[in-house]
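Take these sequences, add in the hints, and give me the full structure.
These are the residues of each chain, in order.
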Amino acid sequence: MQLSYRRAFSTILKRDLVIAFRHRDDILNPILFFIIVVSLFPLGVGPAANTLMKIAPGVIWVAALLSTLLSLERLFKHDYNDGSLEQLLLMPCPTFVLVLAKITAHWLITGLPLIIIAPFLGVLLNLHQDSYVALMLSLLLGTPVLSLLGAIGVALTVGLKKGGVLLSLLVLPLYIPVLIFATGAIDAASMNLPYNGHLAIIAALFFGSLTLAPFAVGSALKVSTN
Amino acid sequence: MNPRRKKRLAIVSSVLIGAAAVAGFSLYALNENFDLFFTPTEVVNGKADSGIMPVVGQRIRVGGMVVVGSVKRDSESLKVAFKLKDSGSETITIKYEKILPDLFREGQGIVAQGILTSNDTLEASEVLAKHDEEYMPKEIADAMGKEHKKPTY
Amino acid sequence: MTPTTPVLLSADKLTCIREDRLLFDELSFVVRGGDIIQIEGANGTGKTSLLRILAGLSQPYSGEVLYKDQVIKHCDDEYKADLLFIGHLAGIKGEMSSEENLAFYLKMHGLDASKAEATLDEVNLFGFEDAMASNLSAGQHRRIALARLWQSQNKIWILDEPFTAIDKAGVKKLEQLMLKHTQNGGAVILTTHQDLSLNSNDFSKIILEHQFF
Amino acid sequence: MWKWLHPYANPEVSYHFTGKLIPWFAIISAILLTVGLGMGLLYSPADYQQGNSVRIFYLHVPAAMLSMGLYLGMAIAGLTALVWQMKLAESSIAALAPVGATFTAIALLTGAAWGKPMWGAWWVWDARLTSELILLFLYFGVMALQNAFEDKALAGKAASILALVGVINLPIIHYSVEWWNTLHQGATVSKFEKPSMSIDMLRPFLLSLFGFAFLAGTLVCMRFRAEIIERNSMRPWVKALAKEHN
Amino acid sequence: MAFDSINEFFNMGGYGFYVWLSYGFTALLLVLLTINSKGKDKRIFKQINKRIKREEKLKQVAKRNASVKQNAQSDQKVV
Numbered sequence: 020m021q022l023s024y025r026r027a028f029s030t031i032l033k034r035d036l037v038i039a040f041r042h043r044d045d046i047l048n049p050i051l052f053f054i055i056v057v058s059l060f061p062l063g064v065g066p067a068a069n070t071l072m073k074i075a076p077g078v079i080w081v082a083a084l085l086s087t088l089l090s091l092e093r094l095f096k097h098d099y100n101d102g103s104l105e106q107l108l109l110m111p112c113p114t115f116v117l118v119l120a121k122i123t124a125h126w127l128i129t130g131l132p133l134i135i136i137a138p139f140l141g142v143l144l145n146l147h148q149d150s151y152v153a154l155m156l157s158l159l160l161g162t163p164v165l166s167l168l169g170a171i172g173v174a175l176t177v178g179l180k181k182g183g184v185l186l187s188l189l190v191l192p193l194y195i196p197v198l199i200f201a202t203g204a205i206d207a208a209s210m211n212l213p214y215n216g217h218l219a220i221i222a223a224l225f226f227g228s229l230t231l232a233p234f235a236v237g238s239a240l241k242v243s244t245n
Numbered sequence: 005m006n007p008r009r010k011k012r013l014a015i016v017s018s019v020l021i022g023a024a025a026v027a028g029f030s031l032y033a034l035n036e037n038f039d040l041f042f043t044p045t046e047v048v049n050g051k052a053d054s055g056i057m058p059v060v061g062q063r064i065r066v067g068g069m070v071v072v073g074s075v076k077r078d079s080e081s082l083k084v085a086f087k088l089k090d091s092g093s094e095t096i097t098i099k100y101e102k103i104l105p106d107l108f109r110e111g112q113g114i115v116a117q118g119i120l121t122s123n124d125t126l127e128a129s130e131v132l133a134k135h136d137e138e139y140m141p142k143e144i145a146d147a148m149g150k151e152h153k154k155p156t157y
Numbered sequence: 606m607t608p609t610t611p612v613l614l615s616a617d618k619l620t621c622i623r624e625d626r627l628l629f630d631e632l633s634f635v636v637r638g639g640d641i642i643q644i645e646g647a648n649g650t651g652k653t654s655l656l657r658i659l660a661g662l663s664q665p666y667s668g669e670v671l672y673k674d675q676v677i678k679h680c681d682d683e684y685k686a687d688l689l690f691i692g693h694l695a696g697i698k699g700e701m702s703s704e705e706n707l708a709f710y711l712k713m714h715g716l717d718a719s720k721a722e723a724t725l726d727e728v729n730l731f732g733f734e735d736a737m738a739s740n741l742s743a744g745q746h747r748r749i750a751l752a753r754l755w756q757s758q759n760k761i762w763i764l765d766e767p768f769t770a771i772d773k774a775g776v777k778k779l780e781q782l783m784l785k786h787t788q789n790g791g792a793v794i795l796t797t798h799q800d801l802s803l804n805s806n807d808f809s810k811i812i813l814e815h816q817f818f
Numbered sequence: 342m343w344k345w346l347h348p349y350a351n352p353e354v355s356y357h358f359t360g361k362l363i364p365w366f367a368i369i370s371a372i373l374l375t376v377g378l379g380m381g382l383l384y385s386p387a388d389y390q391q392g393n394s395v396r397i398f399y400l401h402v403p404a405a406m407l408s409m410g411l412y413l414g415m416a417i418a419g420l421t422a423l424v425w426q427m428k429l430a431e432s433s434i435a436a437l438a439p440v441g442a443t444f445t446a447i448a449l450l451t452g453a454a455w456g457k458p459m460w461g462a463w464w465v466w467d468a469r470l471t472s473e474l475i476l477l478f479l480y481f482g483v484m485a486l487q488n489a490f491e492d493k494a495l496a497g498k499a500a501s502i503l504a505l506v507g508v509i510n511l512p513i514i515h516y517s518v519e520w521w522n523t524l525h526q527g528a529t530v531s532k533f534e535k536p537s538m539s540i541d542m543l544r545p546f547l548l549s550l551f552g553f554a555f556l557a558g559t560l561v562c563m564r565f566r567a568e569i570i571e572r573n574s575m576r577p578w579v580k581a582l583a584k585e586h587n
Numbered sequence: 754m755a756f757d758s759i760n761e762f763f764n765m766g767g768y769g770f771y772v773w774l775s776y777g778f779t780a781l782l783l784v785l786l787t788i789n790s791k792g793k794d795k796r797i798f799k800q801i802n803k804r805i806k807r808e809e810k811l812k813q814v815a816k817r818n819a820s821v822k823q824n825a826q827s828d829q830k831v832v
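Residue numbers (this note's numbering), protein chains in the order written: chain A, 20 to 245; chain B, 5 to 157; chain C, 606 to 818; chain D, 342 to 587; chain E, 754 to 832.
Some hints here could point you the wrong way.
Heads up, simulated DMTMM-like pairs for lysine to aspartate or glutamate below, C-alpha to C-alpha not over 25 Å straight-line [to be verified]:
#: 1; chain 1: C; residue 1: 712; chain 2: C; residue 2: 669
#: 2; chain 1: E; residue 1: 806; chain 2: D; residue 2: 541
#: 3; chain 1: B; residue 1: 99; chain 2: B; residue 2: 130
#: 4; chain 1: E; residue 1: 799; chain 2: D; residue 2: 585
#: 5; chain 1: B; residue 1: 11; chain 2: C; residue 2: 682
#: 6; chain 1: D; residue 1: 584; chain 2: C; residue 2: 682
In case anyone wonders, no lab produced these hints; they're calculated from the structure.
Laid out in structure tokens, this is it:
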């Protein structure tokens, strides 16, 4: 008997969220990492308010990128190790439903907290007062892209013993467009220039990866569980 | 509906919707002007289509041709100042304090990146010579009067 | 076992190569409704590989697996709806209780998840339903996974060493369940180290041997 | 077309076929490169703006074109491997990646050595340069992924997926960086109808371009053959070959 | 000929360092890649030969075991 796609999606999503909440370290560690990386910069480049203001968008986004990367392994690794992944692939629902549910869970667990915490870090870095809305919007549109593209990388490397370093080599180049347009939007906002063009491109990236990543992830998972 | 057809329908429709969304947002973005690249005329008068003008203190990139006869070098330091123009009438002054690239010469197209210190002066942190895509020996170039190439900005 | 029952699954000239070793070459057989097929062979002869290929988790080097005369790649969803595979790894999450684990799988197959608690009793896990799976042993994990069989509506069962985690009484019970399943037109393909205590005409064997090439 | 291609989808046939190609490719590439680069270094005129530094052009542009072309070839092979399950396409990905990576590295290094005198900087974060650098990362990713899998068949499939994802992302990366910062001049030789290059420079350039292309072909064929025997090592014909090499 | 003397040729109108650096790098990388590509099939043939030998041994062991078993069985029959 086949479940409707929506039921299958929500069942898997609920399962992943329950697991994540019972394993809180997994949620907290990437956020702590995010905060620590961001707070290292004033110590590294000096506390001059002007310098910080200039580098703030880049720093926040690069830190968000790295902490997403750190949390990516969890997306499929545990499931791979205990055999749940192959069971999930054998469930009577198309693979893309499974993949989308898992990526959504990952974003809710890692992307959303980043967005909530980002404005506070903006204050630490003396982010320009006009940039906060752009920061939030760019993160809101951009972090799902990070989860989607990252999932392709994890799916390819989940079966490997030493996948960690390889994962960053595969995934980070793909993150470049998001980084450029997101920081561009925040910069433009700080100069009181319109930034909806930047956001539109991030939105295009989001829809593009949303349509294509599930298929890439699906076939990559089939290779990895082989 | 049998599961196979249901799946195919789901895939085809989601790909179509996805492609439409990507195309829509990209087209919207292309109509938005979000370039921080200005020509001298645009620095002074604002961009022709959107009227966006750089503000003093903003970090921008300006591209144009070095006005012939405008290069003033300081005899004791590396300081150099020159005027930049494009096909329009306005010129702006670029100040720079590093070694200029070999291709830098009067009439040459350059891109300067730096901070706008007044509405027609740029303190450049970087000056890069932009060479064109034409390759030819010197004799032919001379014959064609290539030295004064019209600006392409 | 009457040859008139419809063919559920057939292997067509399966060849499997793992890390430069030929495990089996051009293996063909059919599985009909009502069959129990035991795959036998020493360690490293490719029993698990064969099961995973049949389940569609692995791709053979050459050859095809057909479900109701269609290549499984092309009828992926129908096949998955009719298949229950339990492999070496039980697929049980340590962060969920045994009942939640079982309920999740039942739900995904469109079954009544509220029966999970009662079903756990069948595999001697009565009283453990609220225990977090991380506190349970690997054997208990496998028993949670096996509990799915009692609710299963899937026609084809593919079981990799299902008896390792259960005691003698449990083995008997599971064998009876398999018989009942096949009498209803289902099929079971399994590997096991100990011999089945079923009547020899209730099941057939496929023997894998070391290949040299 | 498939009927025509069919015999070449047989590993043994393509092994011997590429074996026959290698000496020819090698000879052609040696001749073209000697003549082309010789002409480029000795006889072609200096540029009216860039002087003799323009001689780097004969290395830089062919290498850059090949780096893109080989990646595209890899992505097409990836698509073939995934859609038509052709195992030889997987071998060709493995063969193409190191060659492409080398040409990408050459394009980057010669570009830096050309950019320093012309632009005044070894490296600028320009669209072309940045996307070429990322192209190198993508090549490295494919190679690393390929090597990370012990099972060659899985390695091939994973690399196919990555090559395809990369080829979709490459133009996106390129345009995003282009929007972000651009200094590099426009493409020169794509305008074939009216090449903006004098014939004295175009000739050595085309010769060296084809010379490098044949060199890439030779190297790819060599690696392709090695990949074929590695993936078919249990086949009798490979064993017979191995005995000959003992 | 674009150059009048050999010195001029090496000097490249002041760009000698950059031009020869490029040509040097290109030559170096391509030579390394060629050496690596040429040796690759030989390395693989070597591996295959090693494996063939290993398999021969395994085969012999299997044969010996089989004959021992047979002998044991025939012994039992005699008893």
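Subject >> Hint consistency between residue 11 of chain B and residue 682 of chain C [alpha-carbon to alpha-carbon, up to 25 Å] >> reply: This hinted pair holds, its Cα atoms lying about 9 Å apart.
**OP:** For the pair we were handed, residue 99 of chain B and residue 130 of chain B, check the Cα-Cα distance against 25 Å.
**Re:** 10 Å, holds
Subject >> Distance restraint between residue 712 of chain C and residue 669 of chain C, which requires alpha-carbon spacing of 25 Å or less >> reply: Violated: residue 712 of chain C and residue 669 of chain C sit about 31 Å apart, past 25 Å.
Original post:
Holds or violated: are the alpha carbons of residue 806 of chain E and residue 541 of chain D at most 25 Å from each other?
Top reply: At roughly 60 Å apart (the allowed maximum being 25 Å), residue 541 of chain D and residue 806 of chain E break the hint.
Original post:
Is the straight-line distance between the alpha-carbon of residue 799 of chain E and that of residue 585 of chain D 25 Å or less?
Top reply: 11 Å, holds
Original post:
Taking only the CA atoms, is the gap from residue 584 of chain D to residue 682 of chain C under or equal to 25 Å?
Top reply: Violated: residue 584 of chain D and residue 682 of chain C sit about 47 Å apart, past 25 Å.
Checked against the numbered hints above, the structure breaks hints 1, 2, 6 and satisfies the rest.
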